[in-house]
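Sequence order for the protein chains is U and Z. In this text, residue positions in the first sequence follow the numbering used here: the first is 25, and each later residue adds one. In this text, residue positions in the second sequence follow the numbering used here: the first is 229, and each later residue adds one.
You may find that some hints are simply not true.
[Said to hold, decoys possible] Computed far set for chain U versus chain Z, every beta-carbon distance over 12 Å:
#	residue
1	Gly39
2	Asn45
3	Glu80
4	Glu101
5	Asp106
6	Ser136
[What the hints assert, rightly or not] Pairs of lysine-lysine, BS3-like flavour, derived with a Cα cap of 25 Å:
#	chain 1	residue 1	chain 2	residue 2
7	Z	Lys266	Z	Lys246
8	U	Lys128	Z	Lys247
9	Z	Lys266	U	Lys105
10	Z	Lys247	Z	Lys266
11	Z	Lys281	Z	Lys268
12	U	Lys105	U	Lys128
13	Z	Lys268	U	Lys105
14	Z	Lys269	Z	Lys237
15	U	Lys128	Z	Lys269
16	Z	Lys281	Z	Lys250
17	Z	Lys269	Z	Lys281
18	U	Lys105	Z	Lys247
19	Z	Lys268	U	Lys128
20	Z	Lys250	Z	Lys269
21	Z	Lys266	Z	Lys237
22	Z	Lys237	Z	Lys268
23	Z	Lys281	Z	Lys247
24	Z	Lys281	Z	Lys246
25	Z	Lys250	Z	Lys237
26	U	Lys105	Z	Lys281
27	Z	Lys268	Z	Lys250
[As the list claims (entries may be wrong)] Quick list of simulated restraints, FRET-style, between CB atoms:
#	chain 1	residue 1	chain 2	residue 2	range
28	U	Lys128	Z	Gln310	30 to 40 Å
29	Z	Glu231	U	Lys128	37 to 47 Å
30	U	Glu38	Z	Lys246	41 to 51 Å
31	U	Leu78	Z	Lys246	49 to 59 Å
Treat the hints as calculated values from the structure; they're not laboratory data. Glycine residues also receive a C-beta, built at the ideal position from the N, C-alpha and C atoms.
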Amino acid sequence: GQSLEQPSEVTAVEGAIVQINCTYQTSGFYGLSWYQQHDGGAPTFLSYNALDGLEETGRFSSFLSRSDSYGYLLLQELQMKDSASYFCAVRSTNQAGTALIFGKGTTLSVSS
Amino acid sequence: DTEVTQTPKHLVMGMTNKKSLKCEQHMGHRAMYWYKQKAKKPPELMFVYSYEKLSINESVPSRFSPECPNSSLLNLHLHALQPEDSALYLCASNPDGERNEQFFGPGTRLTVL
């Protein structure tokens, strides 16, 4: 089967840096994605890593180590608006297409 | 047009009602999805349409019936639902069904009384 593990909650203050880890188990691997979801909102795509290494997009970076089945999302210069749930996701390998399997989500609370 | 739209935003229905959720995208995406999300939980896949054909049915109860009238539209027909079906129902699309970036609609908040 496929499973993803991530911390349930993370707290930080404005301006800080926070790292959200994700470990995964999957029989076939097509990359690790990260999604952000604000309360009452829809998930929005943040980043995708297919190969080992760091991908940077503004204040957000994502890292992947395929040998360790591990990735993380790094959020820098935290702002109050970054308070949200963050999900790591892999493609489902049981069926055709890019059906996503999500981790349980990490709730990030940013305080002033 | 670079978004996925869903109607209605909110829906309250009784257990004997029949209702439908609608999803629309005009980005030319060829894969569309229905997810169910309970509070404080991740989205769970319900159905996938790839090139207007149902390719995955994640053992969803028959009281949920998907329909894809054309490449831009996705419906979810609801009948005889249970209170535990109350959730946020999310529609998503993907350009070709082979990328990891999915575009989600805002969802329909469903309450079953």
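Checked hints:
1. A cut-off of 12 Å between C-beta atoms confirms that Gly39 of chain U is not in contact with chain Z; the least separation is 27 Å.
2. For Asn45 of chain U, the non-interface assignment is confirmed: its Cβ lies about 16 Å from the closest Cβ of chain Z, beyond the 12 Å cut-off.
3. With a least CB separation of 17 Å from chain Z, Glu80 of chain U remains clear of the 12 Å interface cut-off, as annotated.
4. At the 12 Å boundary, the C-beta of Glu101 of chain U stays outside the reach of chain Z, the nearest C-beta of that chain being 24 Å off.
5. Taking the minimum C-beta to C-beta distance to chain Z, about 18 Å, the non-interface status of Asp106 of chain U holds against the 12 Å cut.
6. With a closest Cβ-Cβ approach of about 24 Å to chain Z, Ser136 of chain U is found to remain outside the 12 Å limit, as its non-interface label requires.
7. The hinted pair formed by Lys266 of chain Z and Lys246 of chain Z meets the criterion: a straight-line CA distance of about 21 Å does not exceed 25 Å.
8. This hinted pair does not check out: Lys128 of chain U and Lys247 of chain Z have alpha carbons roughly 29 Å apart, beyond 25 Å.
9. As the CA atoms of Lys266 of chain Z and Lys105 of chain U are separated by approximately 23 Å, the hinted pair is consistent with the 25 Å bound.
10. For the given pair, Lys247 of chain Z sits about 19 Å from Lys266 of chain Z by alpha-carbon distance, which is consistent with the 25 Å threshold.
11. About 31 Å separates the Cα atoms of Lys281 of chain Z and Lys268 of chain Z, which puts this hinted pair outside 25 Å; it is violated.
12. The straight-line distance between the Cα atoms of Lys105 of chain U and Lys128 of chain U is roughly 21 Å, inside the 25 Å bound, and the hint therefore holds.
13. At roughly 19 Å between alpha-carbon atoms, Lys268 of chain Z and Lys105 of chain U fall within 25 Å of each other, so this suggested pair holds.
14. Using a Cα cut-off of 25 Å, the hinted pair Lys269 of chain Z and Lys237 of chain Z holds, with the two alpha carbons roughly 19 Å apart.
15. A hinted pair counts as satisfied when its Cα atoms are at most 25 Å apart, and Lys128 of chain U with Lys269 of chain Z qualifies at roughly 6 Å.
16. This hinted pair checks out: Lys281 of chain Z and Lys250 of chain Z have alpha carbons roughly 17 Å apart, not beyond 25 Å.
17. Among the hinted pairs, Lys269 of chain Z with Lys281 of chain Z is inconsistent with the structure: their alpha-carbon atoms are about 28 Å apart, more than 25 Å.
18. Taken as a hint, the Lys105 of chain U and Lys247 of chain Z pair is broken in the structure, with Cα atoms around 35 Å apart against an allowance of 25 Å.
19. Annotation: proposed proximity of Lys268 of chain Z to Lys128 of chain U holds, straight-line Cα distance about 8 Å (limit 25 Å).
20. Using a Cα cut-off of 25 Å, the hinted pair Lys250 of chain Z and Lys269 of chain Z holds, with the two alpha carbons roughly 23 Å apart.
21. Distance hint between Lys266 of chain Z and Lys237 of chain Z is fulfilled; the C-alpha atoms sit about 16 Å from each other, no more than 25 Å.
22. Of the supplied pair hints, the one linking Lys237 of chain Z and Lys268 of chain Z holds, its CA atoms being roughly 19 Å apart against a limit of 25 Å.
23. A C-alpha spacing of about 22 Å is found between Lys281 of chain Z and Lys247 of chain Z, which places the hinted pair at or below 25 Å, so the restraint holds.
24. Simply put, Lys281 of chain Z and Lys246 of chain Z have alpha-carbon atoms about 24 Å apart, close enough for the 25 Å limit, and the pair holds.
25. Restraint check for Lys250 of chain Z and Lys237 of chain Z: the C-alpha separation of about 10 Å stays at or below 25 Å, so the hint holds.
26. At most 25 Å may separate the alpha-carbon atoms for a hinted pair to count; Lys105 of chain U and Lys281 of chain Z exceed this at roughly 39 Å.
27. Simply put, Lys268 of chain Z and Lys250 of chain Z have alpha-carbon atoms about 24 Å apart, close enough for the 25 Å limit, and the pair holds.
28. A C-beta distance of roughly 24 Å is found between Lys128 of chain U and Gln310 of chain Z, which places it outside the suggested range of 30 to 40 Å.
29. Taken as a hint, the range 37 to 47 Å is violated for the pair Glu231 of chain Z and Lys128 of chain U, whose Cβ atoms sit roughly 27 Å apart.
30. At roughly 48 Å, the beta carbons of Glu38 of chain U and Lys246 of chain Z sit within the given window of 41 to 51 Å.
31. In this structure, Leu78 of chain U and Lys246 of chain Z meet the distance hint of 49 to 59 Å, their C-beta atoms being roughly 50 Å apart.
Hint check: violations occur at hints 8, 11, 17, 18, 26, 28, 29; the rest are consistent with the structure.
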